[in-house]
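Okay, here's what each chain looks like letter by letter:
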Amino acid sequence: MINENVEDNTSTKINDFVVKFANTNGTGSASANNMFAKAIMRMGIPVSAKNIFPSNIQGAPTWYEVRINENEFLGRRGGKTEIIVAMNAQSFIEDIEDVVSGGYLLFDSSKQIPADLLRDDINYLGIPISSMCLKEFQNPRQRQLFKNVIYVGALAALLDIEFGVLKTLVGDQFKGKEKLITPNVYALELGFQYASNHFSCPLNFKVQRRDLIGNRIMVDGNTGSGLGAVYGGATVVGWYPITPSTSVVEKFASYCQRLRIDPATGKKNFAIVQAEDELAAIGMAIGAGWNGARSFTATSGPGISLMAEFLGLAYFAEIPVVLINIQRAGPSTGMPTRTQQSDVLACAYASHGDTKHVLLFPESPAECFEHSALAFDLSDRLQTPVIIMSDLDLGMNDHLSAPFIWNDKQKYDLGKVLSIRELDNTESFGRYRDVDGDGICYRTFAGTHPNKGAFFTRGTSRNEDAIYSEKSADYVDNMRRLERKFATAATLIPKAEISSGLQNTQIGLIYYGSTAQAIGETKHILHKQGIPVDLMRIKGFPFGSEIKKFIEQHEQIFVIEQNRDAQMRTLLSTELNIDPNCLTSVVCFDGLSITAKQISNDIIQVIEQQIPNQEVV
Amino acid sequence: MSFAKSKFRHKSLPVNDLGLTYRDYEGAISTLCAGCGHDSISSAIIHACAELSIEPHKIAKMSGIGCSSKAPNYFLNNSHGFNTVHGRMPSVTTGANLANKDLTYLAMSGDGDSASIGLGQFAHVVRRQLNMVYMVANNGVYGLTKGQLAATSDRGVKNKTGDTSLFNDIDLCTMALQLGASFVARCFSGDKAQLVPIIKAAIAHQGFAFIDIISPCVTFNNHPGSTRSYDYVQEHVTTGAVTDFVPIKEEITAQIPEGEFEDICLHDGSVIRIHKLDKGYDTSNRLKAMTDVEEHKQRGEILTGLLYLNPTASTFHELNNTADTPMNQVKQDLLCPGERVLGSINDSFR
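So the protein lines, in turn, are chains G and E.
Here the working numbering is used: the first residue of the first sequence is 1, the next is one more, and so on.
Here the working numbering is used: the first residue of the second sequence is 618, the next is one more, and so on.
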């Protein structure tokens, strides 16, 4: 029923709107919603999907927000939504409120909705979905699952999605389970027919085929991280389940099952242990790193806290290990299924004593893959932990991403490890001697040489030859060398990505990680307001020299991040010795991914406040 | 500080199959208190490894934190060692073993390290059936922090400052038996004749071998009233079964002493000969072993010797079906699936 009295605020929009699905978790909506988003991509139109879900297994409200935008503005848009598919009675009132005036609410009209709940400024698309399922399907599970497929079919008619694209998707999804294809396509058709017969289709906002996707893929960051570890040569994993990092190891394990089983013997070229806790998880990874296998663990905030002691040991004992941190809202257990970038300082300085860790900040699934593989080279080269700072939004949501890239010419950099032959030719070996002046020493593995190269690894102070020592000079020399090693690290980690405008602008925006998806749109909004900006995306810590240079070249710097305390700003100011007043922070920490609207509003507000001051001067 | 021992050795020192003397298995000079039971353990390890002719560089010495965990510095200088963090040696050893299953893992821990801060890691490494020798130098006291009561202290005993242990003790042997260790023994550090063959057998055993070694602390727990003093242990120790260890290549020619004996063939063909001092003792009965430990304890005795052995238990790598080449030696071409495969993975996301 199109509400004749409703003023149309949605206007005719092609490839620029948001569709939100309100579901109950545990009802199988995820795959149908995903099919919807993928269909848009297969029509060549840029699309993003955010799953906003509770810390719960079954029965609680969950939302899936799909943004379609041919200008590539694929961060969360925020604000009200053009169309909501309201399948959850629990969140129905909230969902009605969330529709933009003149927008649409698609709902299951099998039961009467109390009239007092309804707004009169939106349109209602009632489809008797439950009744249709009850009539058409016998199996109770199918009656539930196909509700989701029916509304996708209806949306196809309403939004002008090519039905053939959906049919192909169903075929792809159920490859090998062919008997599921027919009922799924039938459910799609049911929805499509109902919408075509009862509503004026398409709506005034709809999709139209484009050719804007190129070779991009749609995938979540944790798949990239797990697969990157396979490509990076990780063989040993100790881990402990914690949302939102769990799927990193699950993906690693499933790719290993496919790609790392010796065809001749059926044996595994990998070993994964689900540990008793996060302490043991990283302990295992460190033990393996000590013995020369590439190893990693994945965790989230509370796990980082538990791993802190071990990170200090690995830093001081100089053992390579990769830690993939999928950040979530904290502190404590915080909001475990919501996103944040709130472990920056905790990771940069994790542990007791003087410690600093190498961090990488991926922005996309492709970069999760790249950083994951790279982290093994870096940690072997530097003999120190490398922490990858992903987050829930990047890790668990599907993103339109460049494809994963690997070059077969790439050889693993195993760093300074002495072979039996090299040990034979070595006069004397000292594990912590800085032979090359870069702070990185040579290491040996157990079992290499019968009488050369053995040493005792410890977290306590030692001299250059790894002999226990409490002499102040030995300690200070060692700590200074570790400082030199960290300076070497700054030259090895990926450089910040800088994009400067054509005109010489005075404003620079600094951002990192998943915030990247909101930046193109931010720049666009600011540009429209007459505020040109230069951009710098930080990819790693310790900071390279280009970062300080960028800050010095701009009169005003905004540091955009997803935590309350402006942690990256603190790190920049501390590590680069920059007056904190030169860095204005823009933060969002509500657990939802940051929007261009929030960022640009904050920046505009700061700039507007400065204008009267300047006039006074 | 640690100090290297003199390299001088007497010409007539016997050499083993590798041409090495026991001095080649020594470590730095001990900095533990004079008379510390842990030094006897170090000495037993040195003799066991030398007599077994194990290449020292194929051994990894693992430890946590505490007096016990310092000990690996005092044996096997030619082995890599890793003195990790308090209570976490089991996880690090697990990782090391996953990376290279071909080394012999000799782990030293203490009662604080294993029965208190590391109890969780202890329990889980037993469950994982890791192929390693896990030795606890058990003195019932915190030595390195000067004399606090440990979780293995018997209920009611007093420490040197007069604090009484109010709670039940944790028996790590009983725990190891319950959690599925395939080799469990309890020894007294003062009885080298018992300890050396037990360590040898534990090394030869494929699987998780646990040895709880009562190792008196001369400084903080050797007073009257302690149940871990030299005098008390010597007076209350009793042995179920004495063990001889016969390496794979030697024929069993030893004279059969009085009493019953049983030969158990290990994975590598070597033999453990068990002389049953207590005629009813049965080292293949896990449940009975647990009962025996408890019954002796109730009589005020400390049951020592090999308590339990299952020579055919599976190890972690068998259960995991790990490839034969240790993980730290697998080459890139076997680890990295390459560009072409990645292309088809990318396609699955389009």
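Heads up, a few of these hints could be off.
[As the list claims (entries may be wrong)] A few chain G residues that don't get close to chain E, going by computed Cβ distances all over 12 Å:
| id | residue |
| --- | --- |
| 1 | E162 |
| 2 | D172 |
| 3 | R294 |
| 4 | E483 |
[What the hints assert, rightly or not] Simulated pairs of lysine-lysine, DSBU-like, Cα-Cα distance not exceeding 35 Å:
| id | chain 1 | residue 1 | chain 2 | residue 2 |
| --- | --- | --- | --- | --- |
| 5 | G | K528 | G | K416 |
| 6 | E | K675 | G | K416 |
| 7 | G | K452 | E | K809 |
| 8 | E | K809 | G | K416 |
| 9 | G | K452 | E | K948 |
[What the hints assert, rightly or not] Far from chain E, by Cβ distances over 12 Å, these chain G residues were calculated:
| id | residue |
| --- | --- |
| 10 | N71 |
| 11 | Q112 |
| 12 | D262 |
| 13 | A285 |
| 14 | F369 |
| 15 | N407 |
| 16 | D434 |
| 17 | F445 |
| 18 | K452 |
| 19 | Y468 |
| 20 | P532 |
| 21 | C582 |
| 22 | T584 |
Think of the hints as simulated: they come from the structure by calculation, not from any bench.
Backbone N, C-alpha and C fix where the C-beta goes; we use that ideal spot for every residue, glycine too.
Outcome of the hint check:
Its beta-carbon lying about 16 Å from the closest one in chain E, E162/G satisfies the requirement of being farther than 12 Å from that chain. At the 12 Å boundary, the C-beta of D172/G falls inside the reach of chain E, the nearest C-beta of that chain being 9 Å off. Listed as a non-interface residue, R294/G fails to keep its Cβ farther than 12 Å from every Cβ of chain E; the least gap is roughly 8 Å. Every Cβ of chain E is farther than 12 Å from the Cβ of E483/G; the closest lies at roughly 23 Å, confirming the non-interface assignment.
A hinted pair counts as satisfied when its Cα atoms are at most 35 Å apart, and K528/G with K416/G does not qualify at roughly 52 Å. Restraint check for K675/E and K416/G: satisfied, since their Cα atoms lie roughly 21 Å apart, inside the 35 Å limit. The suggested pairing of K452/G with K809/E holds, with an alpha-carbon distance near 30 Å, which does not exceed 35 Å. At roughly 42 Å between alpha-carbon atoms, K809/E and K416/G are farther apart than 35 Å, so this suggested pair is violated.
Taking the CA atoms of K452/G and K948/E, the gap is about 24 Å. The hint holds against a cut of 35 Å. With a closest Cβ-Cβ approach of about 21 Å to chain E, N71/G is found to remain outside the 12 Å limit, as its non-interface label requires. Non-interface status of Q112/G relative to chain E is upheld: no Cβ of that chain comes within 12 Å, the nearest being about 42 Å off. Non-interface status of D262/G relative to chain E is broken: a Cβ of that chain comes within 12 Å, the nearest being about 5 Å off.
With 12 Å as the threshold on Cβ separation, the claim that A285/G sits away from chain E is violated: the shortest Cβ distance comes to roughly 6 Å. With a cut of 12 Å on Cβ distances, F369/G falls inside the contact zone with chain E, its closest approach being about 9 Å. Against the 12 Å criterion, N407/G falls within the reach of chain E, whose nearest CB is about 7 Å from its own CB. At the 12 Å boundary, the C-beta of D434/G stays outside the reach of chain E, the nearest C-beta of that chain being 21 Å off.
For F445/G, the shortest C-beta to C-beta distance to chain E comes to about 7 Å, within the 12 Å cut-off, and the non-interface label is violated. Its beta-carbon lying about 9 Å from the closest one in chain E, K452/G breaks the requirement of being farther than 12 Å from that chain. Not every CB of chain E is more than 12 Å from the CB of Y468/G (nearest about 5 Å), against its label as outside the interface. With 12 Å as the threshold on Cβ separation, the claim that P532/G sits away from chain E holds: the shortest Cβ distance comes to roughly 36 Å.
Every Cβ of chain E is farther than 12 Å from the Cβ of C582/G; the closest lies at roughly 40 Å, confirming the non-interface assignment. At roughly 38 Å, the least C-beta separation between T584/G and chain E is larger than 12 Å, which holds for a residue marked as non-interface.
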